[in-house]
Amino acid sequence: MRCFKADFHIHTCISPCADITMTPSVVAERLVRYGIDWIAITDHNTTRNVQAFQKALSRNGIKVMPGIEIQTVEDVHILGYFPDVETAESAGRAVEQRLPPVAIDPERDGYSLLVDETDVFMDMVTLPFGFPTSLNIEEALRLIGSFGGLPVFAHVFRGLGLFYQMGILPESAKGIPLEVYLLEKRALIPAYCGTFPTALFSSSDAHTPEALGDARMEICCESRIFSEFLKAVRAEAGRSIRLCR
Amino acid sequence: MRFSQALERISGTVVTGDPESLEVSQGITCDLLSEVMSHNGKADLWITVQSHSNIVAVALIVGVKAIILANGRDYNADTVQKARDENVLLVKSPLGGFELSGIFYEMLQG
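Residue numbers (the numbering used here), protein chains in the order written: chain W, 50 to 294; chain P, 16 to 125.
Extracted from the complex, chain W is given alone in its bound form (with noise of 0.2 Å):
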């Protein structure tokens, strides 16, 4: 068994908010610099640039987990991670055909580029990612799950986050992971949550390489692959997810 400094939730250069420095070598330089060894990508609904990143960390030894933000037509973030990339690519075209058909001016919301894995920018894509899906909760969970991957609510009590945007715990959200950003806001959780039992991530939520530092949590498990990730979520086995402030 060993413990893994993980980051879950990390933009990439393809998210329209995130600076366009988020290549793959200047993350790899970032996370080798603070230990970090296990990571999702996770840009705002597509998982187009996840395989480029999935290479070329993997020649610095960091492990890249194949994850999305889907935003829903609540105005709520849900990370999905997917046990490998060809299932993810799949769940981010779903996601993406539920974009909605507004044109994009890159100027004003944002450049989406599309890198390979030696830091080449291959296409400038035009589609609106930084925009809501017309998912709604429900729909978001139900289509992570078909794909087999996890869902987790992304930063709860930010905007955007599931309590801040839907005042209360849904119904369709108990038993759901959820990631916290600040750490003292998880004596909250009981009061949202009741006494039922959920998951807690802690992630940077980085859109720029200066984001990228200390890991919050670490995963404890045997291996980094989705099996133990899942175990750990689930701490079964003596797995574990451990946040570290």
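These are calculated hints, taken from the structure and not from any lab test.
Worth double-checking, as some hints may not be accurate.
Chain P side only, calculated, beta carbon under 7 Å to chain W, not exhaustive [said to hold, decoys possible]:
#1 T44
#2 M52
#3 H54
#4 V64
Partial list, computed: chain W residues near chain P (C-beta under 8 Å) [said to hold, decoys possible]:
#5 E123
#6 S183
#7 N185
#8 I186
#9 F212
#10 G216
List of simulated lysine to aspartate or glutamate pairs, DMTMM-like, C-alpha gap at most 25 Å [stated by the list, open to error]:
#11 W:K223 / P:E50
#12 W:K223 / P:D100
#13 W:K223 / W:E187
#14 P:K80 / W:E220
#15 W:K223 / W:E267
#16 W:K112 / W:D68
#17 P:K80 / P:D33
#18 P:K57 / P:D46
#19 W:K223 / P:D93
#20 W:K234 / P:E50
#21 W:K54 / W:E78
#22 W:K112 / W:D133
#23 W:K104 / W:D124
#24 W:K223 / W:E188
#25 W:K223 / P:D46
#26 P:K57 / P:E121
#27 W:K234 / P:D46
#28 W:K223 / P:E101
This structure is a prediction, so every number in the text was calculated from the model and none was measured.
Every residue gets a Cβ at the ideal spot worked out from N, C-alpha and C, and that includes glycine.
Using the hints, position chain P against chain W.
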């Protein structure tokens, strides 16, 4: 005033509940549910574009008796069921939140 007095002016459709027996005097217009929950003071009606079933739960917590869904949106099926169970009036209107607020504000002040 009775809620039903406003129904025609807002081109409202009753989805569930009885607008005849409902007296209203104050309202709130907001789409952020945590903000509605922290609303100080009375609110009988609530104008929003949120249709998730949590709006019924939040309405019960703050004492809202009628929800008006703006912009011609539709309620989720489970929201309608929950409102029926909890006796909350659900109305939908093709008008926007700004127009709806103006109509109710004027009627309630007058």
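Hints, one by one, checked against the model:
| no. | hint | result |
| --- | --- | --- |
| 1 | T44 | 16 Å, violated |
| 2 | M52 | 5 Å, holds |
| 3 | H54 | 11 Å, violated |
| 4 | V64 | 9 Å, violated |
| 5 | E123 | 5 Å, holds |
| 6 | S183 | 12 Å, violated |
| 7 | N185 | 6 Å, holds |
| 8 | I186 | 7 Å, holds |
| 9 | F212 | 6 Å, holds |
| 10 | G216 | 3 Å, holds |
| 11 | W:K223 / P:E50 | 22 Å, holds |
| 12 | W:K223 / P:D100 | 21 Å, holds |
| 13 | W:K223 / W:E187 | 12 Å, holds |
| 14 | P:K80 / W:E220 | 21 Å, holds |
| 15 | W:K223 / W:E267 | 24 Å, holds |
| 16 | W:K112 / W:D68 | 22 Å, holds |
| 17 | P:K80 / P:D33 | 10 Å, holds |
| 18 | P:K57 / P:D46 | 17 Å, holds |
| 19 | W:K223 / P:D93 | 16 Å, holds |
| 20 | W:K234 / P:E50 | 18 Å, holds |
| 21 | W:K54 / W:E78 | 15 Å, holds |
| 22 | W:K112 / W:D133 | 12 Å, holds |
| 23 | W:K104 / W:D124 | 32 Å, violated |
| 24 | W:K223 / W:E188 | 15 Å, holds |
| 25 | W:K223 / P:D46 | 22 Å, holds |
| 26 | P:K57 / P:E121 | 17 Å, holds |
| 27 | W:K234 / P:D46 | 23 Å, holds |
| 28 | W:K223 / P:E101 | 21 Å, holds |
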